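Participant: Spelled out, the chains give:
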Amino acid sequence: MKYLEEYRDRALVEKYLDKIHHTVTKPWNIMEICGGQTHSLVKNGIVEMLPHKVKMIHGPGCPVCVTPVHLIDHAIALSHEDQVILCSFGDMLRVPGSSGSLLEAKAQGADVRIMYSPLDALQLARKHPEKEVVFFAVGFETTAPAIALSVIRAAHAHIENYSLLTSHVLVPPAVKAILEEDDHVINALLAAGHVCTIMGLEEYYPLSGTYQIPIVATGFEPVDLVQGILMAVVQLEKGIAQVENQYARMVQREGNRIAQDVINSVFQVTDQHWRGIGKIPSSGLMLRDTFAQHDAQRKFALQSHPPLKDTGDCIAGLVLKGVKKPMDCPMFGHTCTPENPLGAPMVSSEGACAAYYHFSGFSESLAE
Amino acid sequence: MCLAIPGKIISIKSGDDEFLKSGKVSFSGIAQEVGLMMVPEAKVNDYVLVHVGVAISVVDEAEALKTLRYLEEIGELDELHKDQ
Ligand code: SF4
Chain A
103 MKYLEEYRDR ALVEKYLDKI HHTVTKPWNI MEICGGQTHS LVKNGIVEML PHKVKMIHGP
163 GCPVCVTPVH LIDHAIALSH EDQVILCSFG DMLRVPGSSG SLLEAKAQGA DVRIMYSPLD
223 ALQLARKHPE KEVVFFAVGF ETTAPAIALS VIRAAHAHIE NYSLLTSHVL VPPAVKAILE
283 EDDHVINALL AAGHVCTIMG LEEYYPLSGT YQIPIVATGF EPVDLVQGIL MAVVQLEKGI
343 AQVENQYARM VQREGNRIAQ DVINSVFQVT DQHWRGIGKI PSSGLMLRDT FAQHDAQRKF
403 ALQSHPPLKD TGDCIAGLVL KGVKKPMDCP MFGHTCTPEN PLGAPMVSSE GACAAYYHFS
463 GFSESLAE
Chain E
28 MCLAIPGKII SIKSGDDEFL KSGKVSFSGI AQEVGLMMVP EAKVNDYVLV HVGVAISVVD
88 EAEALKTLRY LEEIGELDEL HKDQ
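Quick note, the sequences are listed as chains A and E, same order. Anchor point for the first sequence: position 126 equals 228 in the numbering used here, and the numbering is continuous, going up by one each time. Anchor point for the second sequence: position 67 equals 94 in the numbering used here, and the numbering is continuous, going up by one each time.
These aren't lab readings, by the way, just hints derived from the structure by calculation. Quick caveat, the model's predicted, so the values are computed rather than measured. There may be inaccurate statements among the hints.
[Said to hold, decoys possible] Heads up, simulated EDC-like pairs for lysine to aspartate or glutamate below, C-alpha to C-alpha not over 20 Å straight-line:
#	chain 1	residue 1	chain 2	residue 2
1	E	40	A	222
2	E	48	A	222
3	E	93	A	346
4	A	104	E	73
5	A	104	E	88
6	E	93	A	120
7	E	70	E	99
8	E	93	A	111
9	E	93	A	363
10	A	117	E	100
11	A	104	E	60
12	E	48	A	363
13	A	104	E	90
14	E	93	A	108
15	A	117	E	99
16	A	229	E	60
Using the sequences and the hints given, assemble the complete structure.
Facilitator: Structure below.
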């Protein structure tokens, strides 16, 4: 496929790795923010092929993983209502709430459906005016425009039986929260390419300046990742801290203005609880009052009870902050597996635990 | 979650309502209906980046090539510096 295969070229990846080996002289920790990047780094063996001096730290960029337990419980409760069709993205169905998952609710007879796009869920609502279609909307800035668009179309066409249960999170406030922690060990960041496609680079200049760290907006294919890592390493070795754009074929400095306007017209910024991490100020999106009739929280009067404690011994919070690797968790691969996940990062293909479980073969070199 | 893939626009259907603008996009020969309202500049035969059924960016061809040639370019720069 054009614009995809070229960036998976093994020989070119090796040339980049070679260049990284020749450039690096000191140990550096680089955090990739996005779970999609974690998945690609581990799947393609890049983590293992990097020089020992370059360590990748896996960031919190998996929206499925950070969706709070109480919202999953809300989604499960709604799915058991007779008139409700509960829709979401595939990964969301297996994430454990405080008891059970949406998939288990489905097995018990609830009408739970996997959707590729919120626009498909809107179609479903149009076809079934006798039902209430609730879309469990999770995602970062990348996904927010499509979700917002479904609400705008619902409002325009008076499709009143379509609503959202939202758990939308924003990347820069989470990055800031991690960099604010005294014990963080991050020297450079790879910003998530598709988030930047929407939002552009502006938000990263103050972060890079304040915390004096290089930030490189980076794509998801192997060539993108090794180029992003090289650009970060070059900056680190030179002792500079700038914002750079590796993914310029998709990312413009100002982002996609129309998409930003669409987000702003439907959502407003709010504090958000991140599963395993806690509350981060101004790090989430909620529907504006003008769209209250499409807000499942208000429509079904869901109690916004305080977020439940995350379950048991899962150390997902530390994994998501990059403090621990999945293998540091005593449950990893034993009591916690993708078939029987104890925490969200083992569920989503972009969760760090699942990525390591599937692709790294518990490699010793990674467990250090 | 943030997975987005590039595909080629094969037709555009524009309605009266800008929010309904959509088109057919081909991914390796498989055509899908995609929302195009966020990329008003996109034309037939352009490649767009598609995420959950909505195009979010038009691929910049010149920049796409640069990534593939980046190493050669910085290699040439290194050579220049050596010559000086
Ligand atoms: S391995 Fe399982 S229990 Fe351990 S941190 Fe990952 S998800 Fe949580």
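Participant: State for each hint whether it applies.
Facilitator: Hints versus structure:
1. As the CA atoms of residue 40 of chain E and residue 222 of chain A are separated by approximately 18 Å, the hinted pair is consistent with the 20 Å bound.
2. The suggested pairing of residue 48 of chain E with residue 222 of chain A holds, with an alpha-carbon distance near 15 Å, which does not exceed 20 Å.
3. With a C-alpha separation of about 14 Å, the suggested pairing of residue 93 of chain E with residue 346 of chain A holds against the 20 Å cut-off.
4. In summary, the hint linking residue 104 of chain A to residue 73 of chain E is supported, as the alpha carbons are separated by about 11 Å, within the 20 Å threshold.
5. A threshold of 20 Å between alpha carbons decides the hint, and for residue 104 of chain A with residue 88 of chain E the separation of about 11 Å falls inside it, so the pair holds.
6. Taken as a hint, the residue 93 of chain E and residue 120 of chain A pair is honoured in the structure, with Cα atoms around 19 Å apart against an allowance of 20 Å.
7. The hinted pair formed by residue 70 of chain E and residue 99 of chain E fails the criterion: a straight-line CA distance of about 32 Å is larger than 20 Å.
8. Note on residue 93 of chain E and residue 111 of chain A: the hinted pairing holds, with a Cα-Cα distance of about 15 Å set against a maximum of 20 Å.
9. A hinted pair counts as satisfied when its Cα atoms are at most 20 Å apart, and residue 93 of chain E with residue 363 of chain A does not qualify at roughly 30 Å.
10. The hinted pair formed by residue 117 of chain A and residue 100 of chain E meets the criterion: a straight-line CA distance of about 13 Å does not exceed 20 Å.
11. The straight-line distance between the Cα atoms of residue 104 of chain A and residue 60 of chain E is roughly 19 Å, inside the 20 Å bound, and the hint therefore holds.
12. A hinted pair counts as satisfied when its Cα atoms are at most 20 Å apart, and residue 48 of chain E with residue 363 of chain A qualifies at roughly 16 Å.
13. A C-alpha spacing of about 14 Å is found between residue 104 of chain A and residue 90 of chain E, which places the hinted pair at or below 20 Å, so the restraint holds.
14. With a CA separation close to 12 Å, the supplied pair residue 93 of chain E and residue 108 of chain A stays within the 20 Å bound.
15. With a C-alpha separation of about 10 Å, the suggested pair residue 117 of chain A and residue 99 of chain E falls inside the 20 Å cut-off, and the hint holds.
16. The hinted pair formed by residue 229 of chain A and residue 60 of chain E meets the criterion: a straight-line CA distance of about 18 Å does not exceed 20 Å.
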